[in-house]
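Just so you know, the sequences run in chain order A and B. For the first sequence, our numbering gives the first residue as 1, with consecutive numbering after it. For the second sequence, our numbering gives the first residue as 1, with consecutive numbering after it.
Simulated from the structure, these hints should not be mistaken for lab results. For glycine and all other residues, C-beta sits at the position ideal for the given N, C-alpha and C. Hints are supplied without guarantee of correctness; some may be wrong.
Not the full set, but computed from the structure, chain B residues with beta-carbon under 7 Å of chain A [said to hold, decoys possible]:
1) 105
2) 106
3) 109
4) 123
5) 127
6) 311
7) 313
DMTMM-like, lysine to aspartate or glutamate: derived pairs with alpha carbons at most 25 Å apart [what the hints assert, rightly or not]:
8) 309(B) / 404(A)
9) 198(B) / 415(A)
10) 309(B) / 373(A)
11) 311(B) / 13(A)
12) 309(B) / 418(A)
13) 440(A) / 305(B)
14) 199(B) / 13(A)
15) 265(A) / 305(B)
16) 309(B) / 401(A)
17) 444(A) / 305(B)
As a plain string of letters, each chain reads:
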Amino acid sequence: MKTFNMGGVHPPEMKEISAGAAIERFAIPKIVVLPLSQHTGAPCDPIVKKGDLVKTGQLIADSPKPISAPIHSSITGKVTAIEHRNHPLGPRVKSIVIEGDGTDEWIEGVNPSLFDQDAPVDVDFSRAADFRRKIRDAGIVGLGGAAFPTHFKLSPPPDKKIDTLIVNGAECEPYLTADYRVMLERPRSILMGTRIIMEILGIKNAFIAIENNKPDAIELLNKLCGEFSATDAPIQIAVCKTKYPEGGEKQLINAVTGREVPSGKLPMEVGCVVQNVGTAAAIYEAIALNKPLVERVVTVTGSAIGKPGNLMVRIGTVCRDILEYCEYQGAEGNAVIMGGPMMGKAVKYLDVPVVKGTSGILCVAAKDVAILDHRPCLHCGRCVEVCPMGLNPTELALYTENREYGDLLRMGLMDCMECGSCAYACPARRRLVQWIRVGKMEVKR
Amino acid sequence: MADKKSRILLWQPMMANAFYALVPIVIASVYFFGWRSLALLVIVNIAGFLTEYAFCRVYRQPVSSAVFVTNFLFALSLPPTLPLWMAAVGVIFGLTFGKMVFGGFGRNVFNPALVGRAFIYVAFPNHTNAFWSDPFRGFPAGFAHFAGDAITGATPMTILKQGGEIPLVDLVAGFTGGSLGETCGILILLGGLYILWKKSADYRIVISGFVGFLLLQWIVWATGTQGALAPVPALFSGSFLFGLFFFITEPVSASQTNIGKWIYGFLFGALVVIIRTFSVWREGTMFAVLLANVFAPIMDLAIREIQAKRKAASR
């Protein structure tokens, strides 16, 4: 079994809460809020104005910058405002607000009745030259959480030789089951998407990496693999050990290929490209069905949720609407987290929208929320032991706390991917990853 | 739920494990040496708590429950015949100059219990070095007595060094003279494995400590160095095991990095052998721990520098 070479922790998985729930289509919302920055990179500029009527799937914002992804309307209706709204990942962001008219009228060339099927039409590989542009125009970004524009990841500079594609189905975050459900219900779309990426990059080697806590997904994809592989370019399943953060990009590359991405470099440096399984499925839909990225699967789970599940949600749907549907028992002291418990961010306001990178909404009842007093560091080294990047978290945190920013970079501050393993492992409950985040912000300033 | 907040005491879960591991050893010390061991323990705990409380009051901070672990370890490292007031002096000195002056819990460079132990070792050499008592045997043994008879100079280290023989069973089970907690090898092993399992002690330090000790002990023994013991009796006599599991693994004063821990443990094991064999003292654990403590921070620093350089080179 494959795994990465350094550190890692085993938090309780908690996936059983929502793992059994099939993907369910959430009703078309009456209102959507679409932030102009939902991805890593340059924010978009709106190309509609207040009062415009838009159809589902219509382009409403774009940017000429290379690292960016266009945004499409996710419902049919009228643009009612373009203003700053709360964003799930931090400060308020300029957003386009659309009020729906109750219908769901798609743009031309899209047949929404095909969306609920798994790979209903074949891909025409003779038009592969168009694939990259189509992916960009569909606004596809990494759906695993970082939301990096996919077309850019698929456009390596000519001097970088890419030989391996890893499709990331590890889903190492506790609680989340969105990728798992996509693997079970849309395996053909994932495999088709994988082939499309292989075609774009011209590579002969692809792995679908899955943690061994999802045996049924492994079995299913294994069975279908041969059917979808080209004769000279096999798609293989890489079974990985269940360990957090197995699905981290650099960790997964190390686990699957044994290669090590150098500090401060991108995966293409070692000839790898990593894409999430959900992204692969979205790539298939963009190319075969002309469907822009206007919806995604979101896991709604946690002890404060009465009806946990995996919902197919339109991007921009307001968190409160989803929670209402899932019978969220709101109370003082609850924690609502966008994303998983390890890397997700707690949100204060429930009017934040689902964005392209939202993989889950975790609602923890007040009785299960631990706001622990932190204590003096014991120098026990537990954080050093679990850090998957080989850093010394307690030292990074301590330097930040004492405002000694000078040495932080040399100690590898920017290698930290904020996976939170250190804070999870710390017996003194020190807020290590939180301090490191502060350190990063201070250094950037 | 939020942790219970107390103004007087700050509970440290990681330290609590060490505490559970020590309980059987405390009971054994009563069995071997009489109720006087418990009296020592109580005095030390009271004096130790009050010392830390006096400091913490100034900063309006609660006392860390780790102080009780320090107290227990200190008490268990004392000879059974030590006058009670000397024990109190030792723990007060150790906590004041080994811990509180450095900024309290989490900041100490040396193991505070051993700072106190070293202080009374040099301040009252007669009482800490010359008088021991023979352990009780059978049942109810120490449970029926307050204290054993004081005898002069008869720890197993002395006997073995002078060419005497002690059955290995007695060494392992603890029927030998010595400090309160160091004699019963079996219970120390059990307690030690418990804190290893609970991850309160780091396995790297323990393993490399074992290796360092056995390797060097074997070398000095095989080369026929004068005064060197065979590795196995050496392992179970004196306080090496107690020091290995409970003192050198104390995280605050230990090395923090993974590689550092391997070196640190090995250094400790080797130092014990060197001090035991070549110095004027019969026992080396205490000074070996303190010396290893000295080197822990600089090892961490060196490892960090090397890693930073390597990282810079790979860029």
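Here is how each hint holds up against the structure:
Among the interface hints, the one on residue 105(B) holds; its C-beta lies about 5 Å from the nearest C-beta in chain A, closer than the 7 Å criterion. Interface restraint check for residue 106(B): the shortest CB-CB distance to chain A comes to about 3 Å, inside 7 Å, so the restraint holds. A hinted interface residue such as residue 109(B) counts as satisfied when its beta carbon comes closer than 7 Å to some beta carbon of chain A; here the least separation is about 11 Å, so the hint is violated. Nearest Cβ of chain A to the Cβ of residue 123(B): about 29 Å, over the 7 Å cut. The hint is violated.
At its closest, the beta carbon of residue 127(B) sits 33 Å from a beta carbon of chain A; the interface hint therefore is violated under the 7 Å criterion. With a cut of 7 Å, the hint placing residue 311(B) at the interface with chain A holds, because the nearest CB-to-CB distance is about 5 Å. With 7 Å as the threshold, the beta carbon of residue 313(B) stays out of range of chain A, its nearest partner Cβ sitting at about 10 Å, so the hint is violated. Proposed proximity of residue 309(B) and residue 404(A) is supported: the alpha carbons are some 19 Å apart, at most 25 Å.
For the proposed pair residue 198(B) and residue 415(A), the alpha carbon gap of about 30 Å is over 25 Å, so the pair is violated. Distance restraint check for residue 309(B) and residue 373(A): the Cα-Cα separation of roughly 36 Å exceeds the 25 Å cut-off, and the hinted pair is therefore not satisfied. Proposed proximity of residue 311(B) and residue 13(A) is contradicted: the alpha carbons are some 33 Å apart, above 25 Å. For the suggested pair residue 309(B) and residue 418(A), the alpha carbons sit about 23 Å apart, so the restraint of at most 25 Å is met.
A hinted pair counts as satisfied when its Cα atoms are at most 25 Å apart, and residue 440(A) with residue 305(B) qualifies at roughly 21 Å. For the given pair, residue 199(B) sits about 21 Å from residue 13(A) by alpha-carbon distance, which is consistent with the 25 Å threshold. As the CA atoms of residue 265(A) and residue 305(B) are separated by approximately 21 Å, the hinted pair is consistent with the 25 Å bound. Taken as a hint, the residue 309(B) and residue 401(A) pair is honoured in the structure, with Cα atoms around 24 Å apart against an allowance of 25 Å.
Note on residue 444(A) and residue 305(B): the hinted pairing holds, with a Cα-Cα distance of about 23 Å set against a maximum of 25 Å.
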